[in-house]
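Chemist: As you go down the protein sequences, you meet chains H and L in turn.
So for the first sequence, full-length UniProt numbering puts the first residue at 1; every next one is plus one.
So for the second sequence, full-length UniProt numbering puts the first residue at 1; every next one is plus one.
Because the hints were derived from the structure by calculation, they are not lab data.
The C-beta atom is built at its ideal place from N, Cα and C for all residues, glycine as well.
Incorrect hints may appear among the rest.
[Unchecked claim] Partial list, computed: chain H residues near chain L (C-beta under 10 Å):
no.	residue
1	8
2	10
3	171
[Claimed, not checked] Which chain L residues stay away from chain H? Per the calculated CB distances, all over 10 Å, these:
no.	residue
4	73
5	104
6	105
7	125
8	215
9	222
10	307
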Amino acid sequence: MKSGKSWAWVTFILGAAYFFIPLIATMEFSMRMKRGEYSFEAYRVVLGDPRFQESFTFSVVAAVFTIILGVLLVVPTAYWIRLRLPQLRPVVEFVTLLPLVIPAIVIVFGYIRMYGSNSPLPFLSSDIGTSALLVIGYATLALPYMYRAVDTGLRTIDVRTLTEAAQILGAGWTTIISRVILPNVLIAVLSGAFLTFAIVIGEFTMASLLNRPAFGPYLQNIGANRAYEPAALAIIAFVITWGCMSVIQVLSRFAPKSANRPN
Amino acid sequence: MADPFLSIQHVKKTFGPTTVVDDFNLDIERGEFVSFLGPSGCGKTTVLRMVAGFEEPTAGSIIVGGKDVTRLKPNQRNVGMVFQAYALFPNLTVAQNVAFGLKVAGVAKAESDKRVAEMLELIKLPQLGDRYPYQLSGGQQQRVALARALAPKPKLLLLDEPLSALDAKVRVSLRDEIRAIQKELGITTIFVTHDQEEALSISDRIAVMYGGKAEQVGAPFEIYNRPATKFVANFVGTLNVLEGVVSDAGSGRVRINTEEIGLKGKLNGSKTGDTLSLALRPEAIALGPRPGHDAKLSGEIADVHFLGSVIRVRVGIGGSKISLDTFNNSSTPPPNVGDKAEISFSSGDVLVLH
Ligand SMILES: Nc1ncnc2c1ncn2[C@@H]1O[C@H](COP(=O)(O)OP(=O)(O)OP(=O)(O)O)[C@@H](O)[C@H]1O
Ligand SMILES: [Mg+2]
């Protein structure tokens with residue numbers, strides 16, 4: 001018992017060191033922009049850079065749309081598979097895994113061939129169309145995570161009986177999904193949303209090849225041309241990510257308590 | 001029954017190659033409480049789900065209040081249903097659960113609040129409106145499910161084994177409560193169960209089902225005392241079955257083991273030499289003679305079970321053992337195993353099974 005506990009501590013300290021030492025080193029480095037003293041000069045430069053603000057805003061907006069698209073796509077699909085087509089589950093699971101296997105570059109070249117300005121769906125002929133295509137691409141990349149999160153959430157409730165209970169009370173499909181299913185898988189959807197957000201903020205390949213002013217290409221550009229700013233950016237990105245996570249923690253406290261509780 | 005409220009006519013349901021319900025017919029009057037009783041897998045739930053609209057009959061029709069609803073979706077039928085697994089919406093409070101059907105129907109907030117309060121009063125949980133389902137006991141959850149089903153004033157109430165997940169004590173009190181509420185509202189109700197005591201104690205009528213058919217439909221008294229088929233006789237209550245051979249069809253004499261009893265008027269056209277299955281309820285048999293008992297058989301006490309207020313004695317007669325119940329009496333000790341014994345009964349209580 002006692003030795004088990006001390007081993008747990010050793011493991012914990014090793015894990016924490018593995019995690020925190022690079023972080024602290026990066027942090028330390030990022031603060032050495034001014035010779036001979038520690039300062040937040042690199043952060044000031046980065047945050048003051050209009051391209052930072054633009055690209056970051058672009059990516060956040062893209063992430064929000066990606067999450068909305070993902071939820072609209074995945075929640076009804078995963079629900080319907082569980083309710084009516086359980087025999088199709090392996091197939092759908094396989095399909096949702098494809099984005100992990102097929103590199104983003106392949107997907108994006110496919111897009112460029114398919115949706116050029118002389119195709120019937122000329123997404124690429126306007127900026128807004130290209131951004132929309134980017135969001136669709138992001139939703140594809142996030143699909144494995146979103147689907148798994150939602151499907152796990154659906155496992156904790158008795159989908160069929162709850163659906164029937166709502167139906168017999170007069171509810172149609174929209175009401176069932178929005179008032180019964182979605183609220184009960186909200187935490188799962190939120191964690192899917194968080195993963196989506198993280199993917200979109202850091203994504204480079206698609207945004208770069210579609211030539212959109214996203215955060216990923218900006219990060220790459222800074223990383224290749226500057227010394228201290230990339231370190232500052234890494235720390236900023238880290239803080240944002242952890243910020244998201246805390247927000248989700250707080251939100252999940254307001255989510256239905258019982259939704260965690262299988263019946 | 002001139003004008004049934006619910007009429008299930010020649011309903012059949014197949015899943016792929018298997019026929020689960022076959023030519024099921026039942027008329028239910030307005031305000032009646034009918035139970036479906038039968039062993040597992042006999043199709044009770046399937047019939048109920050067809051009435052609710054969750055399954056579409058392969059053939060036949062379902063009429064409610066003179067209107068054919070066979071092809072209507074569940075959300076167009078105005079039927080209330082209570083499920084075995086409660087099925088309360090976990091993200092909504094008790095009051096919101098009860099209000100769900102009203103909200104879907106577009107009932108105004110003030111009116112809905114009033115109705116919810118009424119319903120919570122009806123199920124005797126007026127103070128629990130703000131709780132979440134996981135904060136309630138099973139019995140309370142099922143009462144909320146009942147209130148939720150009743151709130152939109154449905155035409156029919158369907159209950160699929162609503163008590164089977166509850167413990168014995170709650171089961172008895174809740175079933176009486178369900179019956180009282182049903183009577184108070186006068187709502188036409190179908191109650192599915194495989195517990196015969198439950199069905200016998202609360203129903204106006206019982207439909208005993210077997211193999212996707214209604215074997216017999218009748219009042220509990222009738223089902224218990226005059227079972228129409230061998231299956232019903234066996235399934236409902238404890239039954240002693242004896243083989244008898246008709247020794248003289250004319251005078252109604254039937255030989256059991258080495259003795260004869262008279263069953264005039266009960267032979268239903270059986271001929272001399274036919275073998276009959278004769279059935280007797282334990283409570284119709286007495287140990288020793290009793291006034292009014294015109295038939296007797298002798299045997300030997302095989303075992304004795306002291307159950308408290310009742311003593312269940314089994315008497316070996318020929319190859320079979322006959323159970324009978326005697327009331328406990330502190331001044332007479334129970335019989336001993338191996339004693340010679342004589343049992344008596346009224347020939348009128350003998351059921352001839354077909
Ligand atoms: N969707 C379905 N597909 C195939 N077979 C089914 C389906 N639903 C029910 N059955 C079959 O129909 C038969 C009757 O089922 P049903 O659920 O009506 O029985 P039940 O009388 O309610 O039994 P229980 O007391 O166990 O609930 C069973 O043999 C079952 O396997
Ligand atoms: Mg059933």
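Chemist: Each hint should be assessed against the structure and marked as holding or not.
Modeler: Verification of the hints:
{"no.": "1", "hint": "8", "in the structure": "32 Å, violated"}
{"no.": "2", "hint": "10", "in the structure": "39 Å, violated"}
{"no.": "3", "hint": "171", "in the structure": "5 Å, holds"}
{"no.": "4", "hint": "73", "in the structure": "8 Å, violated"}
{"no.": "5", "hint": "104", "in the structure": "4 Å, violated"}
{"no.": "6", "hint": "105", "in the structure": "6 Å, violated"}
{"no.": "7", "hint": "125", "in the structure": "17 Å, holds"}
{"no.": "8", "hint": "215", "in the structure": "28 Å, holds"}
{"no.": "9", "hint": "222", "in the structure": "32 Å, holds"}
{"no.": "10", "hint": "307", "in the structure": "37 Å, holds"}
Violated hints, listed in ascending order, are 1, 2, 4, 5 and 6; each of the other numbered hints is respected by the structure.
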